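Using the sequences and the accompanying hints, generate a full structural model.
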Amino acid sequence: MIRRIAQRQLLLDLMTFKFAAATAACVVLTAVFVPMLARDYQERLRTYRDNVTRNEVDLRTVKVYQNVTPTLFRAPSVLSPFSEGLEKRIAGAGVIELDKVPEMRGVASQGNPYQAVFPVFDTSLIFKIVMSLLALLVAYDAVSGERQRGTLKLILSGTARRHEVLLGKLLAGLLVLVIPVTVTFLVSLVVLLSFPPIHLSTADWGRIVLMYVASLIFVSAMYNMGLLFSCLTRRPAMSLVLGLFVWIFFAVVVPNGSVYLAAEMCVPEPQEKIDAQIVSLRQQCQAEMEETKVNRPQDTMQSDARDAFGRNYHRLLNPAFLEYLRECNRRQFPLTIKYADRFWEVERGRLDSLCAQRRLADRLATVSPVSLYDGVMSALSGTDLAAFQRFTDAVRAYRALAVEYVRLKTDGFSLPSFFTPCTRQEAEEYERFLTQARQIKDQAEMAAFAQTAKARLEKLYTNIPNLDLRDFPAFTPPGAFGSVARAVPGLGSLVVVNFLFFALSFVAFMKYDIR
Amino acid sequence: MIELKELTKRYEDGVLALDHVSYTIKPGEIFCLLGANGAGKTTTVNILLDFIPPSSGSATLNGHDCNKFPLEAKKYVSYVSENVQLYGMFTARQNLRFFAELGGKSGLKNQELDNVMRSVGLPEKALTMRLKNYSKGMRQKLGIAIALIKDPPAIIMDEPTSGLDPKSANEFLDQLRKLRERGKAILMTTHDIFRAKQIADRVGIMKQGRLVAVREKADFKHADLEQIYLTEMEAAEAV
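Protein chains in written order, with numbering that gives the first Met the number 0: chain A, 0 to 514; chain B, 0 to 238.
These are computed hints drawn from the structure, not numbers from a lab.
One should not assume that every hint holds.
As the list claims (entries may be wrong) - Below are the DSS-like pairs computed for lysine-lysine, each with C-alpha atoms no more than 30 angstroms apart in a straight line: (1) B/K135 with A/K17; (2) B/K135 with B/K196; (3) A/K510 with B/K104.
This one's a predicted model, so the numbers in the text were calculated from it and none came from an experiment.
What follows is the structure, encoded as structure tokens:
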């Protein structure tokens, strides 16, 4: 009986204009916007690869350990055309500095700039708007429409039970909606894979399958919502109005209202308070620095050169200055690192409260299936807030590794290699050279001396050995598994929403007055 | 056979829609239920089809209680409603096949479906036409075809001639006569006293939930049924 009712309902739904129009809209929007998003991803990937290569080149040519300050870049998510999420709104790089907690910053070239101006429909947005409306339009007259046509009486005057009628309608509705969902995903994939550098790993394919499943569950939830209103009203016009009202509430009011509510409920620590704490810490730091201060020698001489990562270093120093800097670094650099961590603890409080505010907004928004779906899709795409947090956590953890590496290599920052490639012998030679130069009074003699020195200095400047950083720890970006784990609660909630709406529809239809 | 025993229905808002109504419709009999709006005619139909439960009493179809064993009871009845819209996007044949399958008649050939539609007077070209192009009369005929294809012993019709033009109404009555000849027990609710007089073997007159009178064919064959109806209504009013 269920099969017969489902077959008939399926045929009826497939023959409607709304189905054809919505399917066409999904395909057209996908065909128009996914290439734009894919091209944008291509551009961001190119920028990312250029940055990583430049960073690696710099790392191979760095001369002193204090200049080992690589920048870590967040790889753009290949699945961002499915759900852009916060992909382009959150920092894409973190600079590793030994004496500072990494600062996150944006990446210069973030793809197509016009996309910031015009709204871009990624797959999840297409589903959130077009498909959810189609689900509502398919369901709104499923029961009330039959009542108005008089066919509900005819159906129930036969041997069909009410629950069979409802299950038949649910089955047909879901089968109808599977078609545009599948077509949209297939079109998205075909378009995406037609862009040569885009490669999908096994994990990506797994996440795409999960996105497809999530989309089906979401669309089913919206269908069940429409079915509920159809079972609660006697006229299809009324169920449509109710459905659209609730759809606007779920798709527009809840996502925006939850942000406003969260901002009211969870106020972050004021910046002034953080600034005051930082000032106080800075004073403590200065006091401690003062205690460990090393007296600067009278006669300091140095000659600087350009290092990797856009930094400088002292190529040549006189022995006294060399010793002074060694002692300074040995005593004070660990202090700098300690305070960098304490500054971070203070700043982290504010960052944590901002993240907590955002998480609260997300939790409040879970009353809406649209927001739930949005959360699941951005989590699976790796474009949600948690993906950003995982990246920043990984960057900070990596900085700790880098600090430890340099500490070990430089014997607690005390070796000259930490701040200069100048050897003791070179320092002495440099001092002799400068002393000789000071003693020359005659211009012609000075010219001859400079001529001799130039060759020697050029040799010193051209033959600077690079640091051997082959054992420098490699950065491992967070894996994709976390995104799946983050999506699971949202997926579970969507399944619960489905059951809830259907259970309510069931109860309503059992009591439905078909007269 | 359709049988009502002391059937009573009081709605949740306190309205007494049926008040101890009893009658029996035998095979091969057409029983027309007359009455003003709100008299309880449609409530009777709704209870017989298990759309609503009775407050007390019983309604049976072929001996099966409509409230206690609705699925069993509904095997023996077909329903023709007042305004049969059906599915406009489907052809007559598709509509008929669907409702036939719901009535337990699956696997019917097109020829069998077409024969039933022809038997109710649908023209040849209408058999494969989409219902959105049907007139009300044609839809009503298809409604009867849907009732016939199940071939049950009892048929319930709720205001079936409402809105039909005279020609279509006469054709409809012809169909009813054929059904009577085939031994169907037919309950028809109507406002149309003229048609009721033409077709009914018995008429029941209802007022405010009560069956105030039942008249045999002999009582109104040569009399003015409308006058009988009005007299009975006035008498009920006086009571």
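Here's how the hints hold up against the structure:
For a cut-off of 30 angstroms, the pair hint linking B/K135 to A/K17 stands: about 26 angstroms separates their Cα positions. Between the alpha carbons of B/K135 and B/K196 the distance comes to roughly 23 angstroms, so the proposed pair stays at or under 30 angstroms and holds. About 28 angstroms separates the Cα atoms of A/K510 and B/K104, which keeps this hinted pair within 30 angstroms; it holds.
In this structure, none of the earlier numbered hints is contradicted; all agree with it.
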